[in-house]
Structures are given as C-alpha cells and as structure tokens.
Amino acid sequence: MKHFLTAVCLLFLICGFSQQTEKPPLHARHWMAITGKPLGAEAGAQIFQKGGNAVDAACAMLASVCTMWDVLSWGGETQAIIYNPKTKKVISLDALGFAPAAATAEFYKSKGYYFPPEWGPLAAVTPGTPGGLCYLLAEYGTMSLKEVLTPAMQLAAGYPIEAQTANSIESNLKRIAEWPYSRKIFITHPGEKREAPEAGEILRQNDLLATLTKMVEAEQDALKKGKSRKDAIYTACKRFYTGDIAKEFVRGCQEQGGIITMADLARWKPLEEGPLHVNYKGIDVYKLQQWSQGPVMLQCLNILENFNLKEMGFNSARYIHTVYQAMNLAFADRDFYYGDPYFAPEEPMKGLLSKEYAKQRAKLIQYDRNDAAAAPGDPYPFEGKTNPYSDLLKRRFGANWPTFAKAPAGKLTGENAEVTEGGNASSQFTFTQNTTAIHIAQVHQPSTINYQRNTQTENSDSLYTDRLWRGTTSIEACDEEGWVVSVTPSGGWIPACIAGNTGVGMSQRMQSFVLDSAIDPFNVMAPYKKPRVTLTPTLAMKDGRPFLSVAVQGGDTQDQNQLQFFLDMVEFGMTVQEATEAPNFNSDQLWLSLGGEKLEDRKPHPGGIWMNSNTAVWTRKELKDHGYKMTFADRTSGPINAIYYDWKHGSFWGRSSN
Numbered sequence: 036m037k038h039f040l041t042a043v044c045l046l047f048l049i050c051g052f053s054q055q056t057e058k059p060p061l062h063a064r065h066w067m068a069i070t071g072k073p074l075g076a077e078a079g080a081q082i083f084q085k086g087g088n089a090v091d092a093a094c095a096m097l098a099s100v101c102t103m104w105d106v107l108s109w110g111g112e113t114q115a116i117i118y119n120p121k122t123k124k125v126i127s128l129d130a131l132g133f134a135p136a137a138a139t140a141e142f143y144k145s146k147g148y149y150f151p152p153e154w155g156p157l158a159a160v161t162p163g164t165p166g167g168l169c170y171l172l173a174e175y176g177t178m179s180l181k182e183v184l185t186p187a188m189q190l191a192a193g194y195p196i197e198a199q200t201a202n203s204i205e206s207n208l209k210r211i212a213e214w215p216y217s218r219k220i221f222i223t224h225p226g227e228k229r230e231a232p233e234a235g236e237i238l239r240q241n242d243l244l245a246t247l248t249k250m251v252e253a254e255q256d257a258l259k260k261g262k263s264r265k266d267a268i269y270t271a272c273k274r275f276y277t278g279d280i281a282k283e284f285v286r287g288c289q290e291q292g293g294i295i296t297m298a299d300l301a302r303w304k305p306l307e308e309g310p311l312h313v314n315y316k317g318i319d320v321y322k323l324q325q326w327s328q329g330p331v332m333l334q335c336l337n338i339l340e341n342f343n344l345k346e347m348g349f350n351s352a353r354y355i356h357t358v359y360q361a362m363n364l365a366f367a368d369r370d371f372y373y374g375d376p377y378f379a380p381e382e383p384m385k386g387l388l389s390k391e392y393a394k395q396r397a398k399l400i401q402y403d404r405n406d407a408a409a410a411p412g413d414p415y416p417f418e419g420k421t422n423p424y425s426d427l428l429k430r431r432f433g434a435n436w437p438t439f440a441k442a443p444a445g446k447l448t449g450e451n452a453e454v455t456e457g458g459n460a461s462s463q464f465t466f467t468q469n470t471t472a473i474h475i476a477q478v479h480q481p482s483t484i485n486y487q488r489n490t491q492t493e494n495s496d497s498l499y500t501d502r503l504w505r506g507t508t509s510i511e512a513c514d515e516e517g518w519v520v521s522v523t524p525s526g527g528w529i530p531a532c533i534a535g536n537t538g539v540g541m542s543q544r545m546q547s548f549v550l551d552s553a554i555d556p557f558n559v560m561a562p563y564k565k566p567r568v569t570l571t572p573t574l575a576m577k578d579g580r581p582f583l584s585v586a587v588q589g590g591d592t593q594d595q596n597q598l599q600f601f602l603d604m605v606e607f608g609m610t611v612q613e614a615t616e617a618p619n620f621n622s623d624q625l626w627l628s629l630g631g632e633k634l635e636d637r638k639p640h641p642g643g644i645w646m647n648s649n650t651a652v653w654t655r656k657e658l659k660d661h662g663y664k665m666t667f668a669d670r671t672s673g674p675i676n677a678i679y680y681d682w683k684h685g686s687f688w689g690r691s692s693n
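Going by this note's numbering, the sequence shown opens with residue 36, and the numbers climb by one from there.
Calculated directly from the structure, the hints in this document are not laboratory data.
Note that the Cβ used here is the ideal one computed from N, Cα and C, for glycine as well.
Misleading hints may appear alongside valid ones.
Simulated restraints, written as ranges between beta carbons of each label pair [stated by the list, open to error]: (1) E657 to E381: 21 to 27 Å; (2) E252 to G86: 22 to 28 Å; (3) N314 to E252: 44 to 50 Å; (4) E657 to R239: 54 to 60 Å.
Once the Cα atoms are required to be at most 27 Å apart in a straight line, the calculated BS3-like pairs of lysine-lysine come out as [what the hints assert, rightly or not]: (5) K390 to K124; (6) K282 to K265; (7) K249 to K273.
Given only the sequences and the hints, what does the whole structure look like? Please build it.
Now the structure itself:
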C-alpha cells in the first residue's frame, strides 16, 4: 500500500527523538503536507489520499487554516510560489488585495494617521484568499472546489478550538466587542467571567459555512449546466466577488465604517507572475516580486556570497555580525525602494539584485562595529540610470547615504573593509511631511513592559517586538509528480472585523502602506494599489530540480529566518530538521511593516538584536563591544515549515520547527 509509505507533517507532532534534534525529520516517498494546524495538515492528507495533487492539497490546507483562524481568515491574502513539473517552470501567485477606490493618503491623513490603522474596516484591503485559492485550483489543481472545501466546511460546522486561538479571543475582547458580527461569532459566553470560547469548546461558524456552501452550490450548478471544471470553479469565485456574497460583504463592511465597494471587489483579480531570483553558489533561489519583502533575502544572499561564512563558524560573533549587517543593508533598501510594480514609480529591481551592486554593499560592512546608520544604497547606476531620489536620500541620511558614483574602497573580508564615504552615524534626521517636521530619532527606547516570551533583556520594547514578529501561518506541499507549492497566507487575524453575515474576517493589510513619499516613495497608498507586504515563501532549485521549499511566519523576521535556515543547510550542511531547530537571530534595525499609527511606533532600533538564550558569554561580549543591544529568548528557530527534496534517494524530508 503506497500511502502507508507517505508522511504527513503535522505542526506540533512529536514522533520520537533523535540524538541530533528534538524531533526527527519526517520522510515521505509519494507526498508531503505541512501547515500550522494539525487539522489543517490532515485536510491536505485527505486530499492526497483521494488522489489529488500538491496544488489540491495546498488549497484544502489553505481553506482549513483560514476557517480555524490560524492567525488569518478568509478575507485575507494569499501568496504562493509553485513549481510546475509539466512546464519545468517556477511561477508565483499574487493574491493580495488592493486599496479600495476611496483609499487615498489624503483621506487617512485627514483622520490623523501617519500610517493606516492596524484594526477595523479602514485597515482592510479587498479579500484575496478566495480568489487566490480558486485560481490555483482551477489552473493547476485536479479536483472540484466541493472536494477541496469539504474539510473546511466540516470545520466551519464545528471544531474544538485550540487554547492559543481561544485565549487570543479572550485577550482581544474589548476590540472584538466593537464589531457586531465579530461579537456574534467570538463572544460565545456574553456576560460571563470568560466571554471567549474555552479550549476544546466546539466553535461553530454558521455564517462562514453558508458562504462556503454558496460557493460550492455555484460550482455544482455550473457543472450541471455542462461547464468545465475550471469554468465552474471560476463561477464560484464570481459569486464571492460580484454576487450575493459580495453584496453582504460590502454591506457589512460599510455598516461598520469601511470603504470597500462592489466595484472594488469586481475589479480585483489574482495575478500570476514570474518570480524574482538569484543564484547563490549554484542554487537558484526564487522569491515573490517587490510587492512583498521577498527580494530582501535575494539581496542578502548576493551580499553574503562575498564572504566565507563557513570559515567564520556557525553563529560565531563574526558570523552573526556579518549576516546581521547584510540584513540591515538589504532591509534599508526594502524600506525605501520596494512597492507595487504595477504602479509608478518603477522600482529599481535590476540594480538592487545585481551582483555588482551587492559587492558595493558588502564593502560597507565594517568588522569592528555595527553600522547604526545603515541607509539605502543607490542601485540606479547599476541600471545605467540616475537616481531620481538623490535629493530626498541626502536630506534623510546626509553623509550616511552611500552613493556609488565613486565606489567605496575596501576589501570584502569584513575585517579590513573601509568606507570612503559616509562617516559616523547621526543620532537623528529630519524630513518634512506636508508642513509638519517629523523627527525620526534613531535610538533604542527601552520599555518596562515584559514581553510575553520567557526572555532576558538588556534593552527591550515589547510592543515593537510583537509588531516585528506578528505571525501568520505557512503551507508546504509536494507530490511524486513533481508539483511543489509554498504558500504564506495571512490577513484577517484576531481581532478581526467580520464583514456582515458572511463570517469572513476582513484583512488588516492596509497598515503596510505609508502615507508619505519621504518614507518610501514606492509604497504610498493609492486607489487599487497593493501595499508592500512581509509575506514571502521561498523555493530553491538545484540542477534544474526542486531543492528546498520553505516558508515561515513572523512579520519582518520572515526573510531573516529563511535566510539563516537556507545558510544552515547550504553552508553548514545541516539536515532540514537541524536547520529548522537551529537558533536564529533577528534584527530590530528596520522600519516595521505592521502595527502602530505613528512614526515613533515603527522606526528602527539600531543595534537591536534578538538572540538565543544559550548564546555563549564570549559571543555576547564581543557583540556588545560592537554596539549591539541584545535581547534573549529561549526559542529563536522559527516557526519554519520546510521540505527538502532528496533526489539521491527519491524521497522527501519535511519538518516544522514547532
């Protein structure tokens, strides 16, 4: 029986122990399904058992984790990278919603925002996940929508809620109570001491079940009329975006103060794109386009290719310093140059991803100190162009802006590198938003609030860290035919504002826009534009075949953790399980993509670094001498979901770090 040889990777599953790792890797021959909830992974397993491919299974897992509120819901967004074994090509899916027609920077500024709000109907872009799921299934799956949605519909009818989700509802009751349709679903014990569901309580979502049922009914009616499988799935999708589901979504959204219209929903479409990629030592690494933060990992790899990381030693002070500095340089570029590629101005991605540009950036890394004023570079000369934002960059960063009109001198060893332009870090810079001068002090502000993890801290800001690490879930699926699917869906997390009687939580992704071009001229809110998001699945190819697929939750840390996971395997020879459990470190020296409506909430914390509590004393001392402000956590490894493709033995290795 071939399916007895197949492994299902369920998050939190403990199968035993090994000498090297807390958990053993899971092996499979025919297929593998990984996601953030055990019942979600079981949905993928059911689809595989019925003969579906990896796309079918990924869609079933996506539907299930949205229904279970795995830090997302049905009104959120879906991003995917797929390997198509029939065409031998890597493709990517952009199923991120856009800003409604009425969403302008001026509208949000008039309400007193520096950034769009974190919560509520004014935080919502149009829903992307239903359309993204339907597109993937119609174009690359083999099953009907009814088959794929069956596990999610069973969950919507009632499932035992997990403690983590139940407690999240309880801790967000005040906000949930503001929205009538959210109250109806989440406050199951109104007036009692605990108003949220208890762990293990059966959570029933009748409105969501009705919405999913309507989509399936639309598909089945279309099939009865002789439409193809693909056309029938798109008929169901149309009902969500232009039919009675859309009308109720819009009514409920606007009733609660939102601005999404029927015309907005009808205009939105998922987009299939060619991903961006670079080659790192013979391995092609693919990421989403610059509407995500995905290219930041590609930039890091280009920079780090100029150093002998293996010689430095895993998580030595020198290694941590070098990788940290590379990340900060790449994130400085992300924070200024990334945005929706379908809107002007055009992002300079050719320059940002060029190897020569990376060499220039690598020369800025100084061995003996953290560069607290790491600034965006100038990629335009590497495209044969002049930077149209030179004046803005000079005003913001002054002498710290490392223009490459004359290349910085210095070796690429990290020990003897010199910077011929720049100088010492300025403690603050000023730019103008309309007529208001805004000072962005580049200093770390300690907080007296304890972060929820078990941490030891020298300087810690718990709210900043919560926003830095804000999670979602991730999905990995593969099959013996060769299909690979890596997905990082998100949006509509608790506390979610539910749109009318649809049971669908609205996205909160609007907050990832900026409202002032002085911060990022490429990511300023505009009607029908998509915000630059943190969501960033990865696919690596070697010798023309899948090598590694990986995704991770965690806001701005996603590409930091995926980068280190990749280097753990490629540079240090770790297995996929060892790499998922290996301690990571995270930089705070970046502009936050999520949370906070004022500049003070989002500005970088120069030298801020999260490290594992087991970090050696001498490593801590050396990093402290280099200017780092360290915070320690007991666990710093993910959570990473990954599959390694073992072509030597014709099998899959899979694991989750949690």
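Evaluation of the provided hints:
1. E657 to E381: 21 to 27 Å: For E657 and E381 the Cβ distance comes to about 42 Å; the hint is violated.
2. E252 to G86: 22 to 28 Å: Holds - the Cβ-Cβ distance for E252 and G86, about 24 Å, lies within 22 to 28 Å.
3. N314 to E252: 44 to 50 Å: 48 Å Cβ-Cβ, so the 44 to 50 Å window holds.
4. E657 to R239: 54 to 60 Å: holds (55 Å)
5. K390 to K124: OK: K390 and K124 at ~23 Å, within 27 Å.
6. K282 to K265: Within the cut-off at roughly 24 Å; holds.
7. K249 to K273: holds (11 Å)
Of the hints listed earlier, the one the structure fails to meet is number 1.
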